[in-house]
Amino acid sequence: NNNSNIRTYQGITYDITDPKYQGLSKNALKRLLKDEVWNATRDQRNKFQKEKKKRKSAERRKLIQEGVIPPPPPKRARTEIEPSPVRVVVDCSFTSYMHDTEVKSLQAQLVRCHSANRAGLHPMQITVTSFDDALKHAFEKKTPTFTNWKNIEFSTEPYLEKFDTSKLVYLSADSDNVVRELEDDKVYIIGGIVDKNRHKGLCQKKATDQGIATAALPIGEYLQMASRKVLTVNHVYEIMIKWLETRDWEKAFLEIIPGRKLKDSKLIGEEEEEEED
1 NNNSNIRTYQ GITYDITDPK YQGLSKNALK RLLKDEVWNA TRDQRNKFQK EKKKRKSAER
61 RKLIQEGVIP PPPPKRARTE IEPSPVRVVV DCSFTSYMHD TEVKSLQAQL VRCHSANRAG
121 LHPMQITVTS FDDALKHAFE KKTPTFTNWK NIEFSTEPYL EKFDTSKLVY LSADSDNVVR
181 ELEDDKVYII GGIVDKNRHK GLCQKKATDQ GIATAALPIG EYLQMASRKV LTVNHVYEIM
241 IKWLETRDWE KAFLEIIPGR KLKDSKLIGE EEEEEED
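Residue numbering for the sequence shown follows UniProt numbering, beginning at 1 and increasing consecutively.
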């Protein structure tokens, strides 16, 4: 009886004899079905989110009209915004070193890079290289509109196939060289790896093996960090965007590095003054 092969899972029916379900472990089958439920309910979810957004906007407008909350600050005039010729690569070739949750975390960090780029006075051109299926899947699930983003390219190719090696600078906390200023003709690579403390020196080693220049942001010259000077992908990117705006590393670090990392840190200048007292 064919009916005995039909199963239901969270509102969808499936046939267990379908080849795509064959040979899967219980967990793998559950994951596949979860994805199918997610895809089947996408339109419904989008509709719900749109309506929710509409309601929230209407409530907000009402509160602004009644003087309960202040109106939003005026948007920056487009004329103030001047794109920077500096280019940034996020090297995403490390997903095999990462757990599933870390791949999702990397996706969220790339979303923040895009947001910082949109809000910045001098947006840079971002190229996400070695963009593999694991990361693509995370994007399709969380932010399917990523294919329409401006100033950001997602490429399955490694950066060596896209850029002139002499222009590449791999940013690494383990480098002996220090970035003094972001140069217009350079392409700065940020390692797209989430738990850098578990894989120390990975980016530095990769760049050295490929004969690519490396450099560290000058954090150590302005701040004595309590923990190892490793920042998330989006923090590195936000610091760069902030530097292009202010041309002041100290300002950029203090504004972007999260408070918990700064908690036991000291400003280098202050420390010198203490010693002189």
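In case anyone wonders, no lab produced these hints; they're calculated from the structure. Because the structure is a prediction, the values reported are computed rather than measured. Treat the hints with care, as some may be off.
[Said to hold, decoys possible] Straight-line C-alpha distance at most 30 Å; calculated DSS-like pairs for lysine-lysine:
1) K167 x K54
2) K62 x K26
3) K47 x K30
4) K167 x K186
5) K167 x K205
6) K251 x K167
7) K34 x K50
8) K47 x K62
9) K47 x K150
10) K62 x K104
11) K167 x K142
12) K162 x K141
Status of each hint after checking the structure:
1. At roughly 46 Å between alpha-carbon atoms, K167 and K54 are farther apart than 30 Å, so this suggested pair is violated.
2. This hinted pair does not check out: K62 and K26 have alpha carbons roughly 51 Å apart, beyond 30 Å.
3. This hinted pair checks out: K47 and K30 have alpha carbons roughly 26 Å apart, not beyond 30 Å.
4. Among the hinted pairs, K167 with K186 is consistent with the structure: their alpha-carbon atoms are about 5 Å apart, no more than 30 Å.
5. Simply put, K167 and K205 have alpha-carbon atoms about 18 Å apart, close enough for the 30 Å limit, and the pair holds.
6. Proximity of K251 to K167 is assessed by CA-CA distance (about 27 Å); at most 30 Å being required, the pair is judged to hold.
7. Taking the CA atoms of K34 and K50, the gap is about 23 Å. The hint holds against a cut of 30 Å.
8. Between K47 and K62 the CA atoms are separated by roughly 23 Å; this keeps the pair inside 30 Å, and the hint holds.
9. Restraint check for K47 and K150: satisfied, since their Cα atoms lie roughly 25 Å apart, inside the 30 Å limit.
10. As the CA atoms of K62 and K104 are separated by approximately 37 Å, the hinted pair breaks the 30 Å bound.
11. The hinted pair formed by K167 and K142 fails the criterion: a straight-line CA distance of about 33 Å is larger than 30 Å.
12. Taking the CA atoms of K162 and K141, the gap is about 27 Å. The hint holds against a cut of 30 Å.
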